[in-house]
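Spelled out, the chains give:
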Amino acid sequence: MSSIIQIRNLIFEYEKEENGEPVRAIDGVTLDIEEGSFVAVIGRNGSGKSTLAKNLNGLFVPTEGTVLVDGWDTRDDEHIWEVRQTAGMVFQNPDNQLVSSIVEDDVAFGPENLGVEPSLIRERVDRALSSVRMGEYRHKAPHQLSGGQKQRVAIAGVIAMRPKCIIFDEPTAMLDPRGRRDIMKIIQQLHEEGITVILITHFMDEAVRADRVIIMDKGSVLLDGTPAEVFSRRERMLEVSLDVPVAVEIAAMLRSRGIDVPEDVITPEDMVEFVCQYR
Amino acid sequence: MSIQVRNLSYIYNEGLTSETVALDNINFDIYDGEVAGIIGHTGSGKSTLLQQLNGLLKPRGGTIIVGGTDITRPGISMRDVRRRVGLVFQYPEYQLFEETVALDVAFGPKNLGLREDEVDERVHDALELVGLDYDEVAGRSPFELSGGQKRRVAIAGVIAMKPQVLILDEPTAGLDPGSHDEIMAMIRKVHESQQNIILFVSHNMEDVAALSDKVMVMDRGKLITVGTPKEVFRQRDRLAAIALDVPPVTEMMFQLKERGIDVDTGALTLREAEESIYDYLRGSKAK
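Heads up: the protein sequence lines correspond to chains U and V, in order.
Letter 246 of the first sequence, counting from 1, is numbered 246 in the working numbering, and no numbers are missing.
Letter 182 of the second sequence, counting from 1, is numbered 461 in the working numbering, and no numbers are missing.
Same shape as in the complex, but just chain V (with noise of 0.2 Å):
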C-alpha cells in the first residue's frame, strides 16, 4: 500500500480574473506505514491538497495512485475512493450532528453499504481505539462531552470507515494543553494498530517534529522540500523565508549557536537540547 502523486495541478476559478494556481506540478510518494506532516503557510496548498487526495476536488491535471488505483481516473466511484482515503477536517467536532455517539460514528461504515452487526463491531472498535469508553459514551449525546472527547468522536466516525490512508486537518488545532496530548497519542496509537498511512497538515512544529517520519514543505502551490524532520528543519532560514518556524526547541538553539555557543541545532526534543547544552555546559566552567 502506498501513494504515487504525479505531476498533479490545480486551479482555483480557472477563466476568471481571480484565477489562482493552488496547485502546482506537485510529485511525491508515501510508502506503506509512513506518516507524513505536511507544513505551509495560509494559502500555501495544504488545504487543496488534501481535499485531492480524499477525492473532494478533482485535478486539473496529474495522477494520484492510492494502494495501485489511480483515484483521479474518470468514472471512479467515490465510494470506492473514501473507503481507502478517510479525511478529518479542521475541527470536525463542529461536524457531529447526530442524537447519540454511536449514531454519528455509523454514519460513514452504513454508507458503505456494511451489515448492522459490521457496523456495530466498526463503531465499538473505532471508540475504544480513539480512547472512549463504548459503554460510557455510545448512547449519549456528543454535545454533552468535552472539546476533546468530541473531536475523538469526530475522528472515530472516519475512522470506522476503515480507511488505507488516514488524513488529518490540523487534528490538535484549538485544544487545550490536556485534550493536545491526548490526541497526539491518540494518533500513534491508530497508527500503530492500523498500520495505515498517516498525512496530517500542522502549523505545531513540535507535532510534526514528534510524529512525522517524512516532512513535506509547501510555498505557494509547490512542493518546495521533502524530507525527514531532522533534515527539514535543519533549513530554519529557508522556512523563516516563507513564514515557517522550527519547532521552538530547535529555534532556542540557533539562538545559542547564533551567540557563538556550540550546540546541536538539529535538536528537535527538549532531551536532545538538553543532552547539547549539558555537554557544552560540562565542557565549559558551569559545573
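Pulled out of the complex, with its shape left as it was, chain U reads as follows (with noise of 0.2 Å):
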C-alpha cells in the first residue's frame, strides 16, 4: 500500500492577533495515511487534532516541515485544487457547510467548481445523494432537514468531487443518536468502498471501528496504532483526560480481579465474544 498523504515534520503555528505572539498547535508531526485506510484521530480540544485536519487539505498550510498529498505539496498554490479534490473535508456544524437553497444544487456545487461537463454532474449529483441515502430530499430545502440529514448532504456534496480521501472533522459532534448511527454507517461504507478515511473524533465508540488509531495532545502524537494497541494504553489515555471505551475499562477491572482477559478485547462485541467461550 502507498501512502496517500505524508506528513513530514510539520509545524503549525496560529497568528495571536492582539499581542502577536504566535502559538504552536502542531509541533513537529511525521505521519505516512495508507491509502485506503480508516484512521481515527483522538485528543482533547486544544490537541491539535483539528488544526492538523485542516492541514491535510490544504486549508492551512505548514508554518514548517511538509504535507503531501497524493504527492502534491499543499504549499504549491498552482495545485490546490488537486489537493483539494483527493482529499475533501466533512466539518462538524453542518449548518456551516452547505451553500444552496436546494439539496441537489448544494452537492453539484464541488462537481461545477472542478469544471466537471455538465452532463455528468447530474449522475454523480444522483449518485452521491443515493449513496448517502438522501435521493429523495433532493429537491427539498437544507432548512427543512434534521443535522443528521444537512451533514448526509455535506458529505454527498464530497463524494460528488471523486475524491481519493475524506477528512471527517468531528461529523457526529451535534448530531443526535440516531444521526450518529447514521453518519458512522455510511463512513464505513465509504471506507469499504476503497476511500481513505480520517476521522476526527471525541467519541470512542466511533474510533474502535477504525484501523488505526492516533492519539494527539499538545501538538503532538502520544499513541499511534490498531485500537487494540492504543486502547489497551489505558492509563495514558486516562493521563490526557480521554475517555477509554467501556469494554476496556471492563476488561480492565477483570483483570484486576484475577481474571484473564485478553488485551485485544476493546468493543462490546469482543466482550461479548470472551465471555460466551465460557458458556
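These are computed hints drawn from the structure, not numbers from a lab.
Each hint should be verified, as a subset may be incorrect.
[As the list claims (entries may be wrong)] Coverage of chain U stretches by chain V, computed from C-beta distances (three or more under 8 Å per stretch; other residues unrestricted):
1. 171-182
2. 217-229
3. 244-254
Virtual Cβ for every residue (Gly too), placed ideally from N, Cα, C.
Quick one: dock chain against chain with the hints and give me the complex.
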C-alpha cells in the first residue's frame, strides 16, 4: 500500500491577533496515511487534532515541514485544486457547510467548480445522494432537514467531487444518536468502497471501528497503532483526559480481580465473544 | 417546592397545513430536590416542553404549577417566572455577548432589579459554583476561554438568578471527554448546594442514568414513560422502537443475555456490569 498523505515534521502556528505571539498548535508531526485505510484521530480540545485535519487539504498550510497529498505539496498554490479534490473535508456543524437553497444544487456545487461536464454532473449528484440515502430529499431546502440529514448532504457534496480521501472533523458531535449512527454507517461504507477515511472524533465507540488510531496531545502524536494497541494503554489515555471504551474499562476491572481477559478485547462485541467462551 | 404539570398541550402552526401537535396531554410531577432526565428522539417534543416550563411558549391548554404558582395564568409577570425557572439552552456559549465574564453573568440578576452589591455577590457565588476562579476570570473576555469554560460561564449566568428550577438542554453536547466530566461534576455540585429541582435533556444515556432520580421518555409529543433509570432502561426493545438507546454498558449486557449468558441487564454502571460478568465467570470455568 502506498501513502496517500505524507506529513513530514509538520509545525503549525496560529498568529495571535493582539500581542502577535504565535501559538504552536502542531509541534513536529510526521505521519504517513496509507491509501484505503480508516484512521481515527483522537485528542482533547486544544490537542491539535482539528488543526492537523485542516492541514491535510490545504485549508491551512504548514508553518514548517511539508504535507504531501497524493504527491502534491499543499503549499503549492498552482495545485491546490488537485489537493482539495484528492482530500475532501466534512466539518462538525452541518449548518455551516451547505451553501445552496436546494439540496441537489448544493451537491452539484463542488463538481461544477471542478469544471465537470454538465451532463456528467447530473449522474454524479444522483449517485452521491443515493449513497448517503438522501435521494428522495433532492428537491428539499436544507433548512427543512434534520442535523443528521444535513450532514449526509454535506458528505454527498464531498463524494460528488470523487475524492480519494475524506477527512471528517468531528462529524457527529452535534447530532442525536440516530444521526450519529447513520453517519458512522456511511463512513464505514465509504471505507469499504476504498476511500481513505480520516475521522477526527471524541467518541471512543467510533474510534474502535477504525483500523488505526492516533492520539494527539499538545500538538504531538502521543500514541499510534491499532485500536487494540492504543486502547490497551488505558492509563496513558486517562492521563490525557480521554475516555476509554466501555469494554476496555470492564476488561481492566476483571483483570484486577484475576480474570485473564486478552488485551485485544476492545469493542462490546469482543467482550461478548470473550464471555461466551465460558458458556 | 415542586412542579405539577396537568393536561399540557401545544400545537405549532395551528390552523395551517403545517399544523403539528408538539405536546399532547402531558402530565407529570417533579418533587422537591429531584433531578429529572428527559429523553426522546429529535422532534419528540422535549425542547417544546422545556420552553413551556420557562414561559417562553404559552400552552394551548393545561397548567404548569411551579411552587404553588400557575405560571401559565394570564397576566403573570415573566420576571416572576424567570426567577423561579432558569433555562440553559443548547450550546449556551454561543449566547455570551458581554465584554467581560463578570458582566455576562451579571446580566440576569441585574434584570431582576437587584441592588448592585447583591448582583456582585451573586456573580461571585455563581462563578465559584460552576468551578471558575472569580479573580482569575471575572475581568477577562468570555471569548478568550476554552469551550468548556465558556459553557460554565453561560450556566453561571442562569444560576446567578437563583432559580428554584434549573433546566438544562443538552448540557454536555459537543464537549470533549474531559470537559464533559467537568460539566457533569458541576451539575452535581450545583444541585447539592442549591437543593433545587434540575431538569435536563440529553442524548447521552450514560449521563441520564448517572444523574437522574427520574427519567421521562417522550415520543411524538407524548410522555410515554416515567420511572427510575433502572425501570426505564430495562425496556430496551421498547426504547429501540422509538430510536432511543440504553447506556452502552447496559446494551452490552443485553447482548450477553441474548447469547444465553445469565447476566444482569439492569446494570447501568461499569461497576455493576463488571460485578455481574465477574460473578458469571467465577461460576463458570474462567478462573
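query = the region 171-182 of chain U covered by chain V? Criterion: 3 or more residues, Cβ-Cβ distance below 8 Å.
reply = holds (count 6)
key: Coverage criterion applied to the region 217-229 of chain U (partner chain V; beta-carbon cut 8 Å; 3 residues)   = violated (count 0)
query = Do three or more residues of the region 244-254 of chain U come closer than 8 Å to chain V, measuring C-beta to C-beta?
reply = Check passed, 6 qualifying residues.
Violated hint: 2 only; the structure is consistent with all others.
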